[in-house]
Amino acid sequence: MSMRELVTGGAACAVPGSSSSSSNPLGAFANALIGSSSKTQGVLKEIPNAAAASPHAQFYPHADDPVAALPGSELDRPSLQSNPQGSEFIRGFRTADANGLADAWEEIQRQPHFDRVYEGATPAPPIQPSLDGPPQRVLSSFLHSFVDSSRSGIPLHPTPLPLLGLSQGDKQCIRDRSSIMARHIFADKSEEFINAQVNALLSSLEIENDIHARGPMPGRFRELEDYWNESQGVPKPGAHAADGWVTEFSQNRPHHGDLEAWPHSFEQKHGAGGWASEFEQEQAQLTSVDQMRGGNIESLAAIQQTRMLAHTLSQNSDPKFQNSKFLQFVSKMSRGELIIDDNQVKPASENWATEYQQQYNGGASWADEFVHDEVFRGPDHWANEFGAERLQQESVDDQWVNEFSKLHVDDWAEEFGRQVGEGALGDSSSDNWANSYDEFLNEQLAAKQRSDASRGVYVFSDMNPYVGHQNPLKEGQELFRKGLLSEAVLALEAEVMKNPENAEGWRLLGITHAENDDDQQAIAAMMLAQEADPTNLEVLLALGVSHTNELEQTAALKYLYGWLRHHPKYGTLAPPELANSLYYADVARLFNEAAQMSPEDADVHIVLGVLYNLSREYDKAIASFKTALKLKPNDYSLWNKLGATQANSVQSADAILAYQQALDLKPNYVRAWANMGISYANQGMYEESIRYYVRALAMNPKADNAWQYLRISLSCVSRNDMVEACDSRNLEILQKEFPL
Amino acid sequence: MATTKLKSDNLFEMMKIHLDSDTGKELIKNIGLVYQINITPKKIGFDEVSYIVDLKKEEVTKGKYEGGKPDATFSFKNDDFIRVATGKMNPQIAFMRGAMKIKGSLSAAQKFTPDIFPKPAKM
Chain H
1 MSMRELVTGG
11 AACAVPGSSS
21 SSSNPLGAFA
31 NALIGSSSKT
41 QGVLKEIPNA
51 AAASPHAQFY
61 PHADDPVAAL
71 PGSELDRPSL
81 QSNPQGSEFI
91 RGFRTADANG
101 LADAWEEIQR
111 QPHFDRVYEG
121 ATPAPPIQPS
131 LDGPPQRVLS
141 SFLHSFVDSS
151 RSGIPLHPTP
161 LPLLGLSQGD
171 KQCIRDRSSI
181 MARHIFADKS
191 EEFINAQVNA
201 LLSSLEIEND
211 IHARGPMPGR
221 FRELEDYWNE
231 SQGVPKPGAH
241 AADGWVTEFS
251 QNRPHHGDLE
261 AWPHSFEQKH
271 GAGGWASEFE
281 QEQAQLTSVD
291 QMRGGNIESL
301 AAIQQTRMLA
311 HTLSQNSDPK
321 FQNSKFLQFV
331 SKMSRGELII
341 DDNQVKPASE
351 NWATEYQQQY
361 NGGASWADEF
371 VHDEVFRGPD
381 HWANEFGAER
391 LQQESVDDQW
401 VNEFSKLHVD
411 DWAEEFGRQV
421 GEGALGDSSS
431 DNWANSYDEF
441 LNEQLAAKQR
451 SDASRGVYVF
461 SDMNPYVGHQ
471 NPLKEGQELF
481 RKGLLSEAVL
491 ALEAEVMKNP
501 ENAEGWRLLG
511 ITHAENDDDQ
521 QAIAAMMLAQ
531 EADPTNLEVL
541 LALGVSHTNE
551 LEQTAALKYL
561 YGWLRHHPKY
571 GTLAPPELAN
581 SLYYADVARL
591 FNEAAQMSPE
601 DADVHIVLGV
611 LYNLSREYDK
621 AIASFKTALK
631 LKPNDYSLWN
641 KLGATQANSV
651 QSADAILAYQ
661 QALDLKPNYV
671 RAWANMGISY
681 ANQGMYEESI
691 RYYVRALAMN
701 PKADNAWQYL
711 RISLSCVSRN
721 DMVEACDSRN
731 LEILQKEFPL
Chain C
1 MATTKLKSDN
11 LFEMMKIHLD
21 SDTGKELIKN
31 IGLVYQINIT
41 PKKIGFDEVS
51 YIVDLKKEEV
61 TKGKYEGGKP
71 DATFSFKNDD
81 FIRVATGKMN
91 PQIAFMRGAM
101 KIKGSLSAAQ
111 KFTPDIFPKP
121 AKM
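Read top to bottom, the protein sequences are chains H and C.
Here UniProt numbering is used: position 132 in the first sequence is 132, and no number is missing along the way.
Here UniProt numbering is used: position 28 in the second sequence is 28, and no number is missing along the way.
Bear in mind the hints are in silico, worked out from the structure with no lab data behind them.
Check the hints yourself; a few may be wrong.
[To be verified] Cβ-Cβ distance ranges computed for the label pairs, FRET-style:
hint: 1; chain 1: H; residue 1: D533; chain 2: C; residue 2: S107; range: 35 to 45 Å
hint: 2; chain 1: H; residue 1: V717; chain 2: C; residue 2: K25; range: 17 to 27 Å
hint: 3; chain 1: C; residue 1: K56; chain 2: H; residue 2: E577; range: 42 to 52 Å
hint: 4; chain 1: C; residue 1: D20; chain 2: H; residue 2: S718; range: 47 to 57 Å
hint: 5; chain 1: H; residue 1: L537; chain 2: C; residue 2: D20; range: 34 to 44 Å
hint: 6; chain 1: H; residue 1: V717; chain 2: C; residue 2: S105; range: 19 to 29 Å
hint: 7; chain 1: C; residue 1: K25; chain 2: H; residue 2: M463; range: 29 to 39 Å
hint: 8; chain 1: H; residue 1: P599; chain 2: C; residue 2: D22; range: 19 to 29 Å
hint: 9; chain 1: C; residue 1: K101; chain 2: H; residue 2: R729; range: 49 to 59 Å
hint: 10; chain 1: C; residue 1: K42; chain 2: H; residue 2: E617; range: 21 to 31 Å
hint: 11; chain 1: C; residue 1: S50; chain 2: H; residue 2: S615; range: 36 to 46 Å
[Claimed, not checked] Cut-off 30 Å, straight-line C-alpha distance, at most; resulting in silico cross-link-like pairs (DSSO-like, lysine-lysine):
hint: 12; chain 1: H; residue 1: K558; chain 2: C; residue 2: K29
hint: 13; chain 1: C; residue 1: K62; chain 2: H; residue 2: K620
hint: 14; chain 1: C; residue 1: K62; chain 2: C; residue 2: K111
Note that CB positions come from ideal geometry on N, CA and C, so glycine has one too.
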C-alpha cells in the first residue's frame, strides 16, 4: 500500500475505527485527525491516490530520497539555519539502513495496543498508563491513554509521571501535537473538554501550555495561514511545528543511537498517522507560502474563492461531476496551480513548481517518491499521477497540464456544460455557460489592451502607414474633416510619435477617439494633450466630457472647473483654492454666474449642460444644451450631447431625433451611430439596435462598447448564431445579415 | 463615501427612470421578481450598500429589502457591477470568477441579465 493511500485511507476507509482497522491504521488515524473537518476532507481527497501497491515494505524503499523529500522542505527553510543539530541528524539519518526502518515500521504495525486503539468500535476501557519502564514506554502509554480517553469520553486525569527527560523541543512538540490532535479527536466535544484534556496531558508532562509562546507569523501569510488553520482546526501551527519535529529528532538522536527508537517514539508521540498528516499540513502550508512568494494577494483571493468553489463542487457526490475536468481545473486553481493574473489564467505551476523543485529537492510528490523513487520531474508528473488516480479508467494526457493551460476551450466548456446541465443549474443555461467560456477567452485577448488604456496609457496602433509622412498633422486634420476617423487616428498617431509635445496633435487625436466612441483612448490622448498645454480650453472640456461619460465625477469636476479658471473671461470667478476641494454645488453656482455674465457664450452653456449631466439634473442639462444649440446650430457634437442627455433621461424618442441631426451634419460620427443603437435597445427594439451597432462597428471595429452592446442585443433576439459571429468579431457576416 | 459608489448609483438611477417607460413595463411583465443588489467599493462584504430592484412594484430603492425576502440577492464590487450591467463582463463569467455572488433562487438569478439595465449614452 502506498503512503498516499495510507494517508488518505484509500477508497474503502472513510471512517476511523470501522472496517479499516489494522489494514489501514494510518489512513484511519489520518482520517480521524483530519476527517472531522469537511473542508480538509475535500482537500484531502485531492491528494493523489496511488494505485494500490504492495504493502509496507515499500514504505521506505530507499532511505535517501524520502528523507530528502520529507524534511528537505524544512532543511532549506531559513528558520532552520539555527538548527544545526536538526540538519546533522537528518544527514545522519540518511545513511540509515533502510531495512532497519522497514523492520521498525513493521513492528509498529504489530504492536497490539496500537491496534487496539483503532479497532475501537466498542470503546476500550481506559488504558492505565504504565508508569514504570523506560521513558518512551511511559510516554507512549500515557499518550495512548490520552487518545483513548477521547473514545470513551472520559476526561483524562493529570497523572504525575516520573521524570521523562523531555527536552524543550520535545515538550514544544508534544504540546503542539497534542493540541492539534485534541482538536480533531475531540472535535465533537466542547471547547472546554478539549482544553481540559490538553491541559491534563501537558501538566502531567510538565509542559507549559503557553500557546502564545510561538512568534507571530509574518503578516503577509496571515490570511492564508488563518484559512488553513481553520480548516485544520489548529490554533497556530507553523514553522515551529516543523522545527519542533526536527529538534525532537535531534534530541532523540544522541539519546538513542538505535534507529529503531525513532519510529517508536515518533509513533508514540504522534500516532502513526501524525507524521503523514503533519506533512500534509506542511505541504499545504508550503504551497501557500510558495504561492505567496510567487503570486500576489489578489491571486490568493482568487485561489481562496476557487478553493471554496472546488469544495462546493466536490460536495456534489455525482461521480461524473467529481471526475470532470472542470472540477480538476477548479481544484488546480484553488491550489494555485493556475492563477488568474491580470485577467488571464496562467499555470502558476511554472513558478511554483520550479521554485519548489529548486528549493525542496524533489518535494512535491514525496509520496510518489516513496512508492516509485523517482525524482520530481515537474508539474506534468504530478498532474499525471493526479489525473491517473482521479480518473482511474480514463487515461490522462501527459500534456494535460500544458494543454489545459492553453485552455482547450471546447472540451472543457462542453464537459462543464454537460455537467451543469445534469446538475443544479438546469439545461437552458448549460449552453450559456459553454458560450460564456468562449467569451471569457475572447475577453482575455482584449483584456491586456483594455487594461493598459484604462490606466491612462495610450495604446498606439501597430503597422501605421503614416509614419514617416511629411506632415502627418495636416494629413490627420484633412482625414478628420472628411470623416475618415480611423484613418485620421493613424495619421495623428504618426504626428505625435514625431512630435510628442504637439498639443494640437494630441488634442485632435483625443477628439477623434471620442467621436470614434473610444473613451479610454480619448482620455489617454487628452491627458497627454493637457500635459503639453495645460490651459487649452477645448482639451479641458473634452476631458470633462469623457470623464462624465465614464461616471467619474471627481475627475470631471476637476477639469470643468479648470475650464473656468483658465478662461480669459471667467477666470476671475474661479478662486484657485477651491480647486482642491471641489464641491459640485459650488462649481455649478459659478458656472451659472458665468452664464449670466455672458448669455451669448455657447461654450458656457455647453459646460453647464455637461455639469448637469453629472448631477443627473437632466432637465436642466437639456435646457442648457438647447440654449447652446440656438447659438451654434451646426455643432454636430452638441446635437449628440443633447441626444445623449435625453437618452439618459429615458426620452429615447427625442434622443433619436437629436442623433439624426448630428448624423446629418457628420455622417461618419461613430459615436452617434452607437448611441442610436443604445436608444433603440433601451426601448426594447433590439432588431433595430443591432443594425445601428453593426453600422457603427463597420466604421470603427475597435469600438469595444459597441461589440458588447451588440452581443446583448443579439442574445435578446436569440440569434445565437450571430452571437458567435459577434464573439469572433466577424463584421462581414454581421453586415450581410443586418444591413441598414 | 458617496464618490466610490457613484458609478453604480448612476446605473440605478437610470434604472429607476427606465422602469417608468414602456420597456420598463415589459420587464415587470416578463420578470416580476425582486432583486437585492449589494455593492461594495473594494471587497465583497465590506461597506455594503444595498439596492432593491423591485420588478413587481416597479421601483428601485436604496437600502435592504423590507417586505420579506428578495428572490435573489447579488453582491458585487462597484466596478464589477458596472461591467456586468454594461455587458463588459458576462454574468456567468462573473460568477465563475467570484466577482458576483448569488444568494437565493438560482432561476431568479438567471433572469438577471445585462439587458434589463438601460445603457448609458455617451455625450
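Outcome of the hint check:
1. D533(H) with S107(C): 35 to 45 Å: violated, 56 Å
2. V717(H) with K25(C): 17 to 27 Å: Once the Cβ atoms are compared, 19 Å apart, the range 17 to 27 Å for K25(C) and V717(H) holds.
3. K56(C) with E577(H): 42 to 52 Å: holds, 50 Å
4. D20(C) with S718(H): 47 to 57 Å: The hint (47 to 57 Å, Cβ to Cβ) is violated, given that D20(C) and S718(H) are roughly 27 Å apart.
5. L537(H) with D20(C): 34 to 44 Å: holds, 38 Å
6. V717(H) with S105(C): 19 to 29 Å: With a Cβ separation near 26 Å, V717(H) and S105(C) satisfy 19 to 29 Å, so the hint holds.
7. K25(C) with M463(H): 29 to 39 Å: violated, 50 Å
8. P599(H) with D22(C): 19 to 29 Å: violated, 38 Å
9. K101(C) with R729(H): 49 to 59 Å: About 31 Å separates the Cβ atoms of K101(C) and R729(H), which means 49 to 59 Å is violated.
10. K42(C) with E617(H): 21 to 31 Å: Because 29 Å falls inside the window, the suggested range holds.
11. S50(C) with S615(H): 36 to 46 Å: Violated: the Cβ-Cβ distance is about 23 Å, outside 36 to 46 Å.
12. K558(H) with K29(C): violated, 43 Å
13. K62(C) with K620(H): Holds. K62(C) to K620(H) sits at ~25 Å (cutoff 30 Å).
14. K62(C) with K111(C): holds, 21 Å
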